[in-house]
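Assemble chains W, D and F onto chain Z, guided by the hints.
Protein chains in written order, with my numbering: chain Z, 4 to 245; chain W, 4 to 245; chain D, 4 to 245; chain F, 4 to 245.
I should point out that these hints are in silico values taken from the structure, not numbers from a laboratory.
Remember, predicted model here, so these are calculated numbers, not experimental data.
Warning: the hint list may mix true and false statements.
The list makes no distinction among identical chains, and a pair is therefore deemed to hold if it is satisfied within one copy or across any two copies.
Okay, derived cross-link-like pairs now, DSS-like style, lysine-lysine, Cα gap no bigger than 27 Å in a straight line [said to hold, decoys possible]:
1) K138 - K215
2) K194 - K112
3) K229 - K138
4) K215 - K112
Protein chains: 4
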Amino acid sequence: MPDLAAALRDLVAANHILAHEGIVHAYGHISMRHPERPDRFFLAAGCSPETVTLDDIREYDLECKPVLADGHTMYVERPIHGAIFQRRPDVNSVIHNHAHEVIPYSVAKTVRLRPLFITAAAIGAEIPVWDSRDKFRDVGMLVTTMAQGHDLAQRLDRASVALLRGHGSVVTGKSIYDAVHTAVLLRDNAKIQTEAMRFGEITYLDEGEIAKSGGPPQGPNSRAWKYWLARCGDARRRGEGR
Amino acid sequence: MPDLAAALRDLVAANHILAHEGIVHAYGHISMRHPERPDRFFLAAGCSPETVTLDDIREYDLECKPVLADGHTMYVERPIHGAIFQRRPDVNSVIHNHAHEVIPYSVAKTVRLRPLFITAAAIGAEIPVWDSRDKFRDVGMLVTTMAQGHDLAQRLDRASVALLRGHGSVVTGKSIYDAVHTAVLLRDNAKIQTEAMRFGEITYLDEGEIAKSGGPPQGPNSRAWKYWLARCGDARRRGEGR
Amino acid sequence: MPDLAAALRDLVAANHILAHEGIVHAYGHISMRHPERPDRFFLAAGCSPETVTLDDIREYDLECKPVLADGHTMYVERPIHGAIFQRRPDVNSVIHNHAHEVIPYSVAKTVRLRPLFITAAAIGAEIPVWDSRDKFRDVGMLVTTMAQGHDLAQRLDRASVALLRGHGSVVTGKSIYDAVHTAVLLRDNAKIQTEAMRFGEITYLDEGEIAKSGGPPQGPNSRAWKYWLARCGDARRRGEGR
Amino acid sequence: MPDLAAALRDLVAANHILAHEGIVHAYGHISMRHPERPDRFFLAAGCSPETVTLDDIREYDLECKPVLADGHTMYVERPIHGAIFQRRPDVNSVIHNHAHEVIPYSVAKTVRLRPLFITAAAIGAEIPVWDSRDKFRDVGMLVTTMAQGHDLAQRLDRASVALLRGHGSVVTGKSIYDAVHTAVLLRDNAKIQTEAMRFGEITYLDEGEIAKSGGPPQGPNSRAWKYWLARCGDARRRGEGR
Chain Z
4 MPDLAAALRD LVAANHILAH EGIVHAYGHI SMRHPERPDR FFLAAGCSPE TVTLDDIREY
64 DLECKPVLAD GHTMYVERPI HGAIFQRRPD VNSVIHNHAH EVIPYSVAKT VRLRPLFITA
124 AAIGAEIPVW DSRDKFRDVG MLVTTMAQGH DLAQRLDRAS VALLRGHGSV VTGKSIYDAV
184 HTAVLLRDNA KIQTEAMRFG EITYLDEGEI AKSGGPPQGP NSRAWKYWLA RCGDARRRGE
244 GR
Chain W
4 MPDLAAALRD LVAANHILAH EGIVHAYGHI SMRHPERPDR FFLAAGCSPE TVTLDDIREY
64 DLECKPVLAD GHTMYVERPI HGAIFQRRPD VNSVIHNHAH EVIPYSVAKT VRLRPLFITA
124 AAIGAEIPVW DSRDKFRDVG MLVTTMAQGH DLAQRLDRAS VALLRGHGSV VTGKSIYDAV
184 HTAVLLRDNA KIQTEAMRFG EITYLDEGEI AKSGGPPQGP NSRAWKYWLA RCGDARRRGE
244 GR
Chain D
4 MPDLAAALRD LVAANHILAH EGIVHAYGHI SMRHPERPDR FFLAAGCSPE TVTLDDIREY
64 DLECKPVLAD GHTMYVERPI HGAIFQRRPD VNSVIHNHAH EVIPYSVAKT VRLRPLFITA
124 AAIGAEIPVW DSRDKFRDVG MLVTTMAQGH DLAQRLDRAS VALLRGHGSV VTGKSIYDAV
184 HTAVLLRDNA KIQTEAMRFG EITYLDEGEI AKSGGPPQGP NSRAWKYWLA RCGDARRRGE
244 GR
Chain F
4 MPDLAAALRD LVAANHILAH EGIVHAYGHI SMRHPERPDR FFLAAGCSPE TVTLDDIREY
64 DLECKPVLAD GHTMYVERPI HGAIFQRRPD VNSVIHNHAH EVIPYSVAKT VRLRPLFITA
124 AAIGAEIPVW DSRDKFRDVG MLVTTMAQGH DLAQRLDRAS VALLRGHGSV VTGKSIYDAV
184 HTAVLLRDNA KIQTEAMRFG EITYLDEGEI AKSGGPPQGP NSRAWKYWLA RCGDARRRGE
244 GR
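Next comes chain Z alone, as it looks inside the complex:
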C-alpha cells in the first residue's frame, strides 16, 4: 500500500504544519479517514502535534475504539472525529484546535466570524457555534462521549467549520490538505476580522463571492502545502525519507 504509506507521512506532516503555524499548541489533533476503509480513521496517540512521528499514528473505528488495543495513550476527544466521519461521508479529515485568534468568536454574544478576504472563502458563509452547556452541562465541556460527538456533528451539519464555545473549533476537509488550508485561513480571517471590526462598518465577502472562490484546490503538490512543509522543515525530512 504505497499510497497509504505516503498518506500517513502526510498526516504526520499535517501535525507538524499545524503546530508550526500556531494553529495547535500542546493540545489539538488532526485525523484522516482511512483511504481504503471509510469505516476507520487515523489519529496520533495522545501526544502534542509538534512531537508526532509515524510510530504515533493509530487506527480507530468510527466509534473511536482502537483497532489494536495496545494500551497506548489516547486523545479523550476522539469522538469529535468519529462522529463527524459518521455523519459526513464527504469529510476525510477533521482538525480540532484551540487557535487563540478564533476563541473570542466562540464566546462573543453578538459578533460572528465571517469570511472577509478571498483566500478565506473556504471557511464558509455560516459558522455554527456549539455550546456544551445546552445539553451536557453535567459532564463538562470536553467532547469525550459519542453522544457529545453526535450532537456537535449535528450542529456542524453541512458547514466546513464549527466553533466550540469557550473551547476552540473543528475544521473539516475533503482531504488533510483541505482541512489544513481551511484551519490556517480560519485563523487568519479571525485575526484580520478582529482588527477590521475596529474600523466601523466593513465589507464581508458575499454569498456569490464565497461560492465562486471556495479557495484553490489543495493536494500534496499544491502551492500552500509545499510552502507549509518547507516552513516546518518537513520538506527536507520528507526528501530524505523517500
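Relative to chain Z, chains W, D and F alone:
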C-alpha cells in the same frame, strides 16, 4: 549579460525577503521588468515566494504570455503585473500580496490608510481601493484576465500602492529594491496606524512632508536591502554563489 | 537521591520553558519546594531564567536565607516564594513573572481577568490583585521583605494566581509542572480575553465548568510538558544528559 | 586601552541586541561617548544595527564630524547624538529608533506615554514630544543639522526619553547598558499601555514609585544584559573572541 544575472538573483532574493518579513505567505508574487526589454517581465512560476529558486523564474510578455511555453505552473493573477507594466513605464517592479495588517483597510467603509511616520512616506498620500464587484462581479475576485488587470491599473493610476477590496494590495516601484521597501513599510504603517487610531485624533504626515521625504533611495547596496538579505539568510548564500 | 536530581533538572527545564514561551524575560523566577524537606525550597541564583543551568540552583529556608552562604547573587524578591510556601503547604512551586499580556489586568480599575476557555480553568474563578501601595508605599513596589511576602501571601489566600498591581503576577502549583501549565494558560487567557472583550458581552466559564475541568493533570510525562520541552530544545539536551 | 576595546565590543553587541529585540530594524542607531575623551563619541558607519561589526565603528566629534575622514557611509541623523552629548554631560549613550509600538504615542493628540509597571520606571514620569514642524518644516523631518539636533536636545531637556512626532524616539543612558535597558522597557511599556488603555481607567506609577524604583542598575554583568546577549547569540561569540 552579467547585470541581468545579478538582477535575477536579486529577484529571487526579493521573493525570500518578502516571505521572511511576513509580507507574502503561501500566496503573493513579485515581478521585475526585463532591464533590457521593457516589453517583457520576469516572475516566478507558480510557487510560494519562500521556495523560489533561480530555476523557477520565467519570462512573460506584457500580455502575460510565457516567452517559453514549457508547460510550467503559472500564477493565475499574472495580469496584475502585465497591465501595470503596460500603463506605467516608470514602474519596473510590482508586488501583489495579502499582508494581514493591510487587509482591514481594504474592507473598511470609513477609514483609509495614510502615511503617519516618515519612513513610510513612499506609500503616498492617496491610496486607491479597487473593488472587483464594481465591474467583475460575474467572474469573481481574482485578477485573472487582462481586462481586470487594466481596470486595476487604471484605478492605481499614478499612485505607488493600491488596495484590492477583500483581497490584498499591489505595490509598485522603480526597482525591485523600491517595491520591496514600500511593501514592508506599507505593512508597518498599517500596523502602526491601526494602533494609533485607538488614541483618538492623530497627526498624519502632510503633503509637504510626504513630498520632501519619499523615503531613502533604494538599491542593491542600500542599508535596508542588505539588512533584509541578512535576516532571510540570503546574504550568506549570495556570497557563496558569486 | 536520584529523584531529587531529576526534579532539579526539571526545575532548570521549567526556567527554560517559561523563557521560551515568553512568560518570563530578563526578570522573573520559579521555585520548587524541596521534595524531602518541606521547610526548604530551590531557586536559581540571580540570573535570567533562559540562562539558568543546574549549577545556578540554590537552596533556601522558608525565611529565604541561603542554606549555603556562598556569596552568590540572589533574587531580591525571594520573599514571594518563602512566604507562600509558609502559608500554603499544598503549594510546591511558585512562579513570579511579568508576562506582558497579564499586566493590563493588574492596573485596570474596572476589568478583571477571568477564565473564558476550558484549558485555562486552572487559573481559578477569582484572581486577587495585591497592591504594594496599600501597606508598603514607603519601601517601594518590589517584594523584598518577609513582611511584604506575608501580605502578598495573605492576599493570594487559597487562589492559584494573584496579580501584583503595576508589576506582574504570582502563579502557584502542586508541582512545577502544574505551575508552568497555569502560568502559560494564564497568559493565553489574558491575551484571548483582551481580544474577546472588544466584542461586547461575552460568556465566561462558570463556577461549575471551572470546578469540573481544572485542567488536565500535569507531570514530567504529561503531553504539555513534553511539548514545551521539545519547543525549548531541552528534550534533546535532557536525553543526552541522562 | 583594554577597557576601550571591551566597551567597543559591547557597543557592537548593543547594536545586535536592539535589532534582535525588535527595537531597531533596517534603520536606527546607538552611540557611546568616548570613555576617555568626553568630546567624542562612537557610532557605526551607515549600516543596519543587526549587521554592525567592530570594523564598522567610527569616531566623531560633538559637531558630528568624523575624526578620520575615510569616506565611509554615515548616518545622516548623527546630530541627534552630538547635540545630546553636548547638552547632557550625564549622558554617555544615545539610541535613536523607530520601535513600532512607540510611534502611536508620537502622533496622538490627547494620549501620552507613561510608565505603568515597575520595570519601566526608568523611562521617566514626563516624556516630551518633539515636532519637526514647529521650527523646521522647510527642511523636512529628519534630524540632519546641528540646529535641529540642538532643538531636539532642548526639548528632551533633563528627561531620559523624547518622542519625535511621526518618526520615533531618542533614548538616553548613563551607559550603553542603561540606554539599551530603557529602550527595551520603553517599547514594552508602550505595548502594555496600549492594551491597558482599552480597559478604561487604569493606575499608572506615581512620582514616588518612579523615583524609588528607577529600575535595577545596569552594566556588562547585569542580569538583563547577559540575557539579551544570550538571546542574540553574542554571548557565545563574545566568549570565542576573548
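Checked hints:
{"no.": "1", "hint": "K138 - K215", "verdict": "between (37 Å within a copy, 16 Å between copies)"}
{"no.": "2", "hint": "K194 - K112", "verdict": "both (18 Å within a copy, 19 Å between copies)"}
{"no.": "3", "hint": "K229 - K138", "verdict": "neither (42 Å within a copy, 34 Å between copies)"}
{"no.": "4", "hint": "K215 - K112", "verdict": "between (30 Å within a copy, 23 Å between copies)"}
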